[in-house]
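Asks: One-letter residues, chain by chain:
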Amino acid sequence: MAAKRRSRGESLTLRYAVLGAWALFCVAPVLWFLSIGLRPRVEIITPQPIYWPTFSLDAWHMIWEDWPMAKYLRNSVAAIFGSVLIDLVLAIPAAYSLSRYTYRGRDDIGFYILSTRMMAPAIVAVPIFFLFKNLGLLDTIWALMLIYAAINLSFVTWIIRSYMLDIPRELEDAARTDGASDLRILWEIVIPAVLPGIITAAVIAMIFAINEFLFTLLIASTPDAYTMSVALANFTGGSDGVIYNAIALVAFLAFTPVFLVVVAIQRHLSRGLTMGAVKG
Amino acid sequence: MIRASLSGAGATSVAPGLSAGRQFKRRNKRLKAWFPYLLVAPAVIYLLLITLYPGIYAATQSFYAIKFGPWRPVGFQNYINLWNDYQFWGALRNTFIIGSISLALQCAIALALAFFAYRDPWVQGWRIVFLIPMLFMPSAVAFIYKLFFLDARVISDILIRLGLIDSILAIQSSTWLSRGLLILADVWQWTPFLFIIFVAALQSQDQEVEEAARLDGASWPAIFFNISLPLMKPVIIVALILRAIDITTMFANVFIVTKGGPAFGTETISYFIYRTGFKFFNFGYASAASVVMLILTILVAQLVVKRAFVPARG
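Here the protein sequences come in this chain order: F and P. Numbers given in our numbering equal positions in the first sequence, counted from 1, plus 1. Numbers given in our numbering equal positions in the second sequence, counted from 1, plus 1065.
Heads up, some of the hints might be wrong.
Covered stretches of chain P (chain F as the covering partner; in silico rule of three or more C-beta atoms under 8 Å from a C-beta of chain F) [said to hold, decoys possible]:
hint	region
1	1302-1313
2	1357-1365
Pairwise CB distance ranges (calculated) [unchecked claim]:
hint	chain 1	residue 1	chain 2	residue 2	range
3	P	Ser-1232	F	Gly-137	50 to 58 Å
4	F	Trp-61	P	Val-1369	41 to 49 Å
5	P	Asp-1281	F	Gln-267	31 to 39 Å
6	P	Ile-1225	F	Gln-267	33 to 41 Å
Don't read these hints as lab results, they were simulated from the structure. Even for Gly, the Cβ is constructed at its ideal location relative to N, Cα and C.
Using the sequences and the hints given, assemble the complete structure.
Replies: Shown next, in the form of structure tokens:
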């Protein structure tokens, strides 16, 4: 079907040249970075770049044996899952309220939630640092969990809200006529119906949480709270200089699960990334 | 396609007077009026705590000199210093220069790619391949580019081999090459964000209009620029706003690749605040900069973003 739609004069050669060139541009640095992760350290920074390195798993052994990588991984997973859980608990009722009821101030509340997404992390960095310091939460994964949840809450609420607007109201009205309470309708009818939206929101929240850098850098000061993202910066310190092959492997360690999950939900991705403004 | 209206379909009130509704007593009715507020309250309170509290805290702090010792009130001195601080203005200018060039490039490239890809039978495949850079942690991307351009000098080596340049590029001593490096890394990582959205928008467009134009003999660029592009405008605006927000907060790349150099030529506003607060421990001053940025953000949000996300009321 798609091929038949080809317009007059549009050249397939041009199309594949453009798309192919960009694909190469996307993938070449990644493959080269992978080769960095799988080569010995002496072959990384050399007077002449080495294009055909010797294969070595040095970095792989190093990240597990010389660094508490398992701990970083555990910290990342705990902080990320915790934050997504907080987000869903707060966002699902909020999204339901914003999508199903009419009340005074609703649009302003909705926009307020959205607008928190616009705040640059650096703007609130100083006060947030002192907030967690006063709460005694500096250098803990609890602080990371709370901050990741706050960063993603607007996104998650708006995505779920967009999916809720799509459910036919008849479904709920029928249940309401049968005497079901609003909370039961939310739990038994609405949530199952918007499950794809909830999963999309959770995946996007997960990606942003993995990526978060500035707050993690400020809050985590010892390996107790280091996550994968900041652990990377950790490989640069000390007399050894930047340990690129370890960095490369850690980057791929974080990339792989994200990539698999995103491929699974790719149909919903455009809608999720625009907080529901664009339907894919 | 675009359906960002808060008052959109399905947002009508819970219809009163349904058979079950009649059984509610007055007390329940009052509870019912509060119910939507109760549902949205936890999220709002959480966000207020994490945005309003820092806002007030920063506003207070900005009137004090805080460096190691106790807080010393200084009135508007921090703001006056900020106004006269060429590094602050420089950071604003750098953020704007790097951000706008990067955003323009990403938008143009993503549009071109989306235009070529959306009718392609392998569009799913292209999407997955193009997505790859976006799924790396920004700190990892920063290291990729640092190594590629600065430490291992692979790009210089390739260009020399191709005979395009004579000697190794001195990126770290050139403001524009350093800015170019940050722009390149951002374009590489984030063009897919726009691409995915644009493809979805193009795919959801009514094909019949396009078909009719083609039967009338319109060429494909004409169709794209006169029909598809105007239809996509609301989507493009929303996508660009989201991207612009993230670009202005660019931090990891600056922190890892250029450290704001050379001569503060790549220092973005995020990095300025970080450096002032957490490297020089000048927290009052950093807070004053934060407050200025906060006010700018609120202005932009109210004037630009609100219109894009809540169009066509009523």
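Asks: Indicate, hint by hint, whether the structure satisfies it.
Replies: Hint-by-hint comparison with the structure:
no. : hint                               : result
1   : 1302-1313                          : holds (count 5)
2   : 1357-1365                          : holds (count 5)
3   : P:Ser-1232 x F:Gly-137: 50 to 58 Å : holds (54 Å)
4   : F:Trp-61 x P:Val-1369: 41 to 49 Å  : holds (48 Å)
5   : P:Asp-1281 x F:Gln-267: 31 to 39 Å : holds (35 Å)
6   : P:Ile-1225 x F:Gln-267: 33 to 41 Å : holds (40 Å)
The structure is consistent with each of the numbered hints, conforming to all of them.
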